[in-house]
Structure formats: structure tokens, C-alpha cells
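*Asks:* For reference, the chains in residue letters:
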Amino acid sequence: MFTYKKYLRQTVRTIALGAVLLSGCSPETESTESDHLTFVYNFSTLSLDPHRDSSYVPLRAGVTETLVRLDDEKLTVEPWLAKSWKNETETVWRLELQQGITFQNGKTVDADAVKSSLERSIAENMGVKNALKIKSIKVDGNDLLFETNTVYPEFISELVNPNTAIIDTTAKKIEARPIGTGPFTVSAFSPGTKVELTRFEGYWGRPAKLETVNFLFNEDAGARTMSLQSGQADIVYRPEAESVDRLKKNGFAIDVTETFRVHQLTMNVTDGPMQSLPVRKAIDALIDRKQLVDHVLQGYATVATGPFISSFPFAPDYEQRTDQTAISYLKQAGYILQDGQMQKDGQPLTLTLLTYSARPDLPLIAQVLQDDAKKIGITIKIRQIDVPEEYMSSHRDWDLATYSNLTAPRGDAGYYLNATYHPQGGLNFSGVNDGALTKQLDQLNRTVNPAKRNALAEQIARDVDQKQFNSFLLHPATLVAYDQSRVEGWKTEKSEYYMITNMLEVK
Amino acid sequence: MGRLLIRQAGEAFLFLFLMTFGSFASVRLLPGDPVLTLLNVDELSATPEQIQDVRENLGFDKPLYTQYTDWLISISRLDFGESFMTGRPVFSMLQDSYQATFEIAGTGLLLALLLALPLGTWSAYSNHPAVRFFTDIVSLLGAAVPSFWIGLILTDWFAVRLVWLPVMGRDGIESVILPAVSLSLALASVYIQLLRINIQKELAKDYIQIARARGIAEKTIFWKYAVRGSLPPVLAVFTLTLGSLAGGVVILEVVFSYPGVGKLMVEAVLQRDYPLIQGYILLTTGIIVTLNLLMRLLTQCLRPDWKGGRL
Chain A
1 MFTYKKYLRQ TVRTIALGAV LLSGCSPETE STESDHLTFV YNFSTLSLDP HRDSSYVPLR
61 AGVTETLVRL DDEKLTVEPW LAKSWKNETE TVWRLELQQG ITFQNGKTVD ADAVKSSLER
121 SIAENMGVKN ALKIKSIKVD GNDLLFETNT VYPEFISELV NPNTAIIDTT AKKIEARPIG
181 TGPFTVSAFS PGTKVELTRF EGYWGRPAKL ETVNFLFNED AGARTMSLQS GQADIVYRPE
241 AESVDRLKKN GFAIDVTETF RVHQLTMNVT DGPMQSLPVR KAIDALIDRK QLVDHVLQGY
301 ATVATGPFIS SFPFAPDYEQ RTDQTAISYL KQAGYILQDG QMQKDGQPLT LTLLTYSARP
361 DLPLIAQVLQ DDAKKIGITI KIRQIDVPEE YMSSHRDWDL ATYSNLTAPR GDAGYYLNAT
421 YHPQGGLNFS GVNDGALTKQ LDQLNRTVNP AKRNALAEQI ARDVDQKQFN SFLLHPATLV
481 AYDQSRVEGW KTEKSEYYMI TNMLEVK
Chain B
508 MGRLLIRQAG EAFLFLFLMT FGSFASVRLL PGDPVLTLLN VDELSATPEQ IQDVRENLGF
568 DKPLYTQYTD WLISISRLDF GESFMTGRPV FSMLQDSYQA TFEIAGTGLL LALLLALPLG
628 TWSAYSNHPA VRFFTDIVSL LGAAVPSFWI GLILTDWFAV RLVWLPVMGR DGIESVILPA
688 VSLSLALASV YIQLLRINIQ KELAKDYIQI ARARGIAEKT IFWKYAVRGS LPPVLAVFTL
748 TLGSLAGGVV ILEVVFSYPG VGKLMVEAVL QRDYPLIQGY ILLTTGIIVT LNLLMRLLTQ
808 CLRPDWKGGR L
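From first to last, the protein sequence lines are chains A and B.
Under this note's numbering, residues 1 to 507 are what the first sequence spells out, in order.
Under this note's numbering, residues 508 to 818 are what the second sequence spells out, in order.
Hints may contain errors.
Within a straight-line C-alpha distance of at most 25 Å, the following computed DMTMM-like cross-link-like pairs (lysine to aspartate or glutamate) qualify [said to hold, decoys possible]:
1) A:K172 to B:D603
2) A:K381 to A:D361
3) A:K74 to A:D361
4) A:K74 to B:E550
5) A:K331 to A:E319
6) A:K129 to B:D540
7) A:K83 to A:E496
8) A:K129 to B:E556
9) A:K173 to B:E589
10) A:K133 to B:E556
11) A:K129 to B:D560
12) A:K115 to A:E88
The following residues of chain A were derived to be distant from chain B, with all beta-carbon distances above 10 Å [unchecked claim]:
13) A241
14) E493
15) E505
Label-pair restraints from in silico Cβ distances [stated by the list, open to error]:
16) B:W664 to A:F43: 24 to 34 Å
17) A:M503 to B:P596: 17 to 27 Å
18) A:A123 to B:P596: 15 to 25 Å
19) B:D568 to A:D71: 36 to 46 Å
20) A:Q466 to B:F567: 32 to 42 Å
Just so you know, the hints here were simulated from the structure itself, not pulled from any lab data.
Computed from a predicted model, the values in this text were never measured in an experiment.
Beta carbons: idealized from backbone N, C-alpha and C, even for Gly.
Could you put together the complete structure from these sequences and hints?
*Replies:* Below is the structure:
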């Protein structure tokens, strides 16, 4: 007869050995090291190729830099690797490069290297090719001459795009170790897990204060928060919103910063009831934006008055909304309340509202709107879709859609206004085809002077508001939590482009 | 044996063909357009004409059967194509990710077996209520609590409070421990019950009574006859487990930021990376079919009277 005593003895031994091993394999408490910082980001990347990576990690990690950058205070395009620029003819731009800059492998950043890098970016990334509209690039000493396919005032601002970062194209293994001009070099990369960075001693600006940085990726907000609490991380991007109070209580700093994103209600102006301006205004008047910010976004957002956050130079000062209620607008449109239902010519006002789950706030916003509409006799039917761009561009069986996009990611209003309101715009899901507006947009597309351009963009934004093609709901904020007893020099940028910088340090 | 092998291989080949066509077609019928993702329309302007141009360049305007044939020709040359997201060869990306999945899934499975084999056989052998209660509790907990939840609790204890192990990442053996243990508890619960029930069934059979009557040692009866006889269904479930693990342990990989194949596929599906999704389905199907074939052959060796599931 055999017994299990032997098994039990063995099991106890194994557990004891495991405990000893565990106690011996504590994780490296890197955050206690001086001059080292660990940052956890909420998106991962499988490739560090700056021209392809849609998570923009090389730029965010301070490995690469672009010709121009977005100033976070003024929200204007400022020089970076390019020293200055001017518009020589309607379609030709001259850029003068900074001098004395070297790549992280010691090679000089000259006009030929920049040309080669931009050509690679265009070849590798179809989005960049479309956005830059470059016909030819010529080298003229330390200058570059760009000829665009059309008159293209947005050209310089499009160079803010992280996918246009300047790298040494002759270097090998660009997807794992790109050679840029930033304050940090890549010392190791584990796809989907982390990038290890080391200070670039030959940086053309002020050398980084940190010696090494671990840039980790984790898509799970709970895990990111725990990494901060455990001391494994010093800064985490987008911690769990529910843990913010606890983190504050434990002494961590929380940065809440508005972003360039806007959650909006897109209206189908080509079919159904939303063709009527008073109905569009009624829906707009129905929205309680403050309630959405407080209850759906838990306060981590700002009420939107238009597509652009108010600090942009082209964001209009909108007039105070009138006190006119949704019901009065509907009466103006010929609707009457009958049997608890808004009706016109015996037809009840029933709207189809599209929403999608890729952004979890949007279905909740749709439900709030449905409830509010019901109170004044409007029936809203919510329809869940998978890919909003695809559905809205190929179907017209909807009236409203919750949608979210970046309005001026590169500091220029042209992208959003053209994409959303021009008849040829890629995001013109509303079906806007307004002669006067199109004329204004065409004029904007020919206006190069920044001040005139901003004034025109502001006017368009104001007109669009009056015609109520869309309703703008809120600008979601970015949350960043960090250990303030250790980290100094952290700044959460509205653009979310520049994260690990030469100014960041640990105490 | 030879005929069985040929039949199984034939079935496997047919299955692979159906899977390649199924995966190819279903990926293309999925909502979402990889062209919009490639052009990053959320941030960059693109006109309908530009979108159409890219679609044509990628061959998405061709009939489905032409696209399928082109893909099959590439596959026959062992060329799985390049990922839309990274531009890297699909095969190389999958290879790296399978390796990471194997680290946590393999360790998790090993730990599960180390836990389940003694507990399952112990509870089958002993009719003591305390033993039964203990094994029931262990298996119920493992079955009722999702592995990612166990993972979060373990992380809270061992990474946040005790700071013995890392919260996330893939930095040596210590980063395998938490995801593997979380997985093992969920897996072990199945095997504990399965082993117990099957061993007890086997012990109740007539031939065991005859063996006892003939004076064969209890140890021999238990290990040589009862345990061995109970293995085919356990092996079948084991193969299914291996198959599902080969597909990746998505939630654990995401929570622990472990770059396995499940995490890779979440990203690939979100980005509509067709070459990567197709390559994954094909390779994973191949792995599952091979495992299934091996399991049947192994079962045949263990129980020669058991022919493809029929006694």
C-alpha cells in the first residue's frame, strides 16, 4: 500500500524552495536608482520605425525629432530641426536647417540626410504621402526646397507629424534601433513590452538630465496604476480613473490636461429630419454638456463650445447660447407635442443615433442623449456600429452619430475643417455641401499668411457653429500620475507628442 | 496504424484547407477597412480618391478568389507576407510572439499539472471527506475565479505590497511567475476533477475487481491499470487545452504586458492587419491539428483497444 506522505513532504519542500526563490528574485527597483526613470505608456508598439509606428513612440520617448514642433503654450508651430522657413512661390517652400546637429551615430544631419529621411517617410507611410503632397525635394546648400502638388499652406504644420521624424536612413534595423537626433538613444527594444533608453551625450540641445529611461507599454489601466504604487514606475500615462483619489491620498501627483480631441454629435444633413436647421439646433440645445463631463467623463474633460480647444489662436469666442429651448426650436420647425410625442404632419420625430464601443464614453453619451430626448417627446433609436468611418460614409440610414476625432493635431485648423466640411473631405460624414462654406474653405486653402489664415479659420468655425452641422460635446482630458517625490520637470502636453524630454529628471 | 495515420493526415489536410479559406474569407468580411487604418484617417486628411488608390495598390479591388489564390501561392513558398502595422515579415513576428506565449502558457500548464496530478489522484484514491473537501475547494476556486482576476490579486500582493515580483513586462524568469501561476490555478481545477472522476470510474470496473481477486498489489492496480485507463479522456482535454493556449492567453498577456500571440492578435484585429491575422489563423490551426493527431496516436498507444474514440 502506497501513501501520499511522500507527496506531501515533497510538496512542502517545493513550496519552501519556491518561497526562498521568490524572495531572492525581487524585481529591480529601478525607480530608486538615481538618474533613471521608468515611464509606463498606455499603447504598445511592435516596431520603432518612426515612419510607420502609429503610437509615435520614438518621438514620445525622445529618440527622434521633427523639423518643426508644436509649442504647447502658444499652440503654434515652432522651429526644431528646421531653423526657419518661407514660402518662395505658391507651391515652393524653403526650409533652412539648424547647423551642427548630428545623428546619434555621429553622422551630420545635413540637407541630403533630411531629404533622404523624408523620402523614406513618404515611401513607407501612405498617410504621410497624402498629408505632405510633396512633388519634389531639392537640396540647396543647407536649405531644402519643397515643391508641393498644389498650393498648400498647411505644409509646414504637417511636418509636426511624428511620422516625418528625421532619422539616419542608412542605419540598419530601423524597426528596432532607429538613429534619430533626440536626447535619448535606443539601447534595447522588446516589441510590445518596452524600450530602454540611454542619454545621447552628443545631443545638440541641452543634454538630458536623466541617464537612462525605461519606456514601458501596458494597455491595462489597472496594471499601470499598480506599477506606480509598487514603485516599479515613476510616471504612468492614463492611470485608472477610479484610482485617482487613492493615488492622490498616497501622495502621487495627478495631471489633468485637455487634449485636441473633441467628442461630437455628427448630424446627417442630407436625409431625414436633421436637414432642418431648427431641428439641429433643438438637438444641440438638448445636450447637457456639463452633465456629460461630470457623470460620463467623471470630470476629466472640458465642455466643448466648438471643435477646437479655446487656447488655439483660431478658436472663436462663441456668443453665449440663447436661452431658447429645444422645444421652442422644434415648434419653429413645425413640430407639436401630441400624445407625449413630437410630431409634424402626423409623423413622430424619431431619430437613429449611431455609436460605437471603441471609445467607451460614446455609447454612454448616446444613452444620456436618448433619455434627455425622451423627456421632450423625441424618440432616439441607438444603433451600435463597428467602424464609424466605414458605416457613415457608405450608409445614409442614420440621423445622428457620436463621433470623436482630433481637430488640430498639428496646430492648424485646415485639416479638420477641410476633412469635415469640404464636399471632398474624407470625414465629411454629415454630407455638408454648402457653397458659401466651400468657397471659404477654398480660400483658406490658398491663404498662407498665419494671421490671415487664423482669422479665416476662426470665421469658418463660427459659421459652421451657426449652421449647426455638428454639435460639439466635450474635450476629454489626459490623466497622468507620477511620483512627485522623485520626478521633476514632467509636463503633460496637450498634443501628447513630447513625453520623455531632456528636461525630465529625478531627485 | 498506417491506415489510421493516412486517414488522420488526410483529414488534417482537408481541415487546413477549409481553415485557410475560412480565415481568408472571414477576415475580409470583418467590419473595418485596413486602408482607413493605414492612412490614419483619424489624424490625417485623405480624400475618397486617395483611399481608392491605396485600395487598388494593395489589390483589395480584385475579386476575393484572386486574392485568395495569390495568398495561397505566397504561402506555398512559405511567404506569409509583411505586417501592415510594422512592415516586418509575418512569420518572424508570429515566431517571437509564440515564444512569449509558450513561456507563460508552458509554465502555467506545467504548474497546473504539478498541482492537479497529485491532488486528482489523491482525491480519487482517498475517500476521506476532508481530502474530498479540500480538492473540491481548490478546483471550485480555480474554476470560478477568472485567471486575470487571480492575476490582479497576486499582483497586488506579490508586486505591489511585497515587491517581490514585477507588475509587468518580460524580464527573465521572475516576470513569468505571476502570469503562469494565475493561469495554472484555472487550468488545474479542470484536471483535478477530470482525473478523480475518471480514475474512480476505472476503479469501479470489473477487471479491477478481478485483478484484486488475483492478489495483484493495490499500488500496481492503481497506477498500472486505473490511472493508465483513465488517461485517454484526460489526454483529449489536455489537447484541447494546448490548442486554446496555442491561441494565446489574451487577457493575461495584456494585463502583464507580456508580448504573446494573443496580445499581438488583439492589436492585429484592431488595426485590421490582414496578413498577420491570416498567418496567425493558419499557423495556430496547423499547431492544433498536429496536436490533435499526436494525441490520437498517443491514445492509440496507451489503449490499443480504443480506435479513434470508439472501443
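*Asks:* Against each hint, give a clear statement of whether it holds in the structure.
*Replies:* To see whether the hints hold, each was checked on the structure:
Under the criterion of a C-alpha separation no larger than 25 Å, the hint pairing K172 of chain A with D603 of chain B is consistent with the structure, at around 20 Å. The hinted pair formed by K381 of chain A and D361 of chain A meets the criterion: a straight-line CA distance of about 18 Å does not exceed 25 Å. Between K74 of chain A and D361 of chain A, the direct Cα distance comes to roughly 29 Å. Violation of the 25 Å bound is thereby established for this hinted pair. Proximity of K74 of chain A to E550 of chain B is assessed by CA-CA distance (about 21 Å); at most 25 Å being required, the pair is judged to hold.
With a C-alpha separation of about 23 Å, the suggested pairing of K331 of chain A with E319 of chain A holds against the 25 Å cut-off. Proximity of K129 of chain A to D540 of chain B is assessed by CA-CA distance (about 19 Å); at most 25 Å being required, the pair is judged to hold. The suggested pairing of K83 of chain A with E496 of chain A holds, with an alpha-carbon distance near 23 Å, which does not exceed 25 Å. Pair hint K129 of chain A plus E556 of chain B holds up; C-alpha atoms about 14 Å apart against a cutoff of 25 Å.
The straight-line distance between the Cα atoms of K173 of chain A and E589 of chain B is roughly 16 Å, inside the 25 Å bound, and the hint therefore holds. Distance hint between K133 of chain A and E556 of chain B is fulfilled; the C-alpha atoms sit about 14 Å from each other, no more than 25 Å. Restraint check for K129 of chain A and D560 of chain B: satisfied, since their Cα atoms lie roughly 12 Å apart, inside the 25 Å limit. Restraint check: the Cα-Cα separation between K115 of chain A and E88 of chain A comes to about 18 Å, which is no more than 25 Å; the hinted pair holds.
Every CB of chain B is more than 10 Å from the CB of A241 of chain A (nearest about 17 Å), matching its label as outside the interface. The non-interface label for E493 of chain A is consistent with chain B: the shortest C-beta to C-beta separation is roughly 16 Å, beyond 10 Å. Here E505 of chain A stays apart from chain B, with its beta-carbon at least about 23 Å from theirs, past the 10 Å limit. About 28 Å separates the C-beta atoms of W664 of chain B and F43 of chain A, a value consistent with the hinted range of 24 to 34 Å.
Distance hint check for M503 of chain A and P596 of chain B: the Cβ-Cβ separation is about 39 Å, which falls outside the suggested range of 17 to 27 Å. A123 of chain A and P596 of chain B have their C-beta atoms about 18 Å apart, which keeps the hinted 15 to 25 Å range intact. For D568 of chain B and D71 of chain A, the Cβ-Cβ distance of about 43 Å falls inside the hinted range of 36 to 46 Å, so the restraint holds. For Q466 of chain A and F567 of chain B, the Cβ-Cβ distance of about 40 Å falls inside the hinted range of 32 to 42 Å, so the restraint holds.
Checked against the numbered hints listed earlier, the structure breaks hints 3 and 17; every other hint is satisfied.
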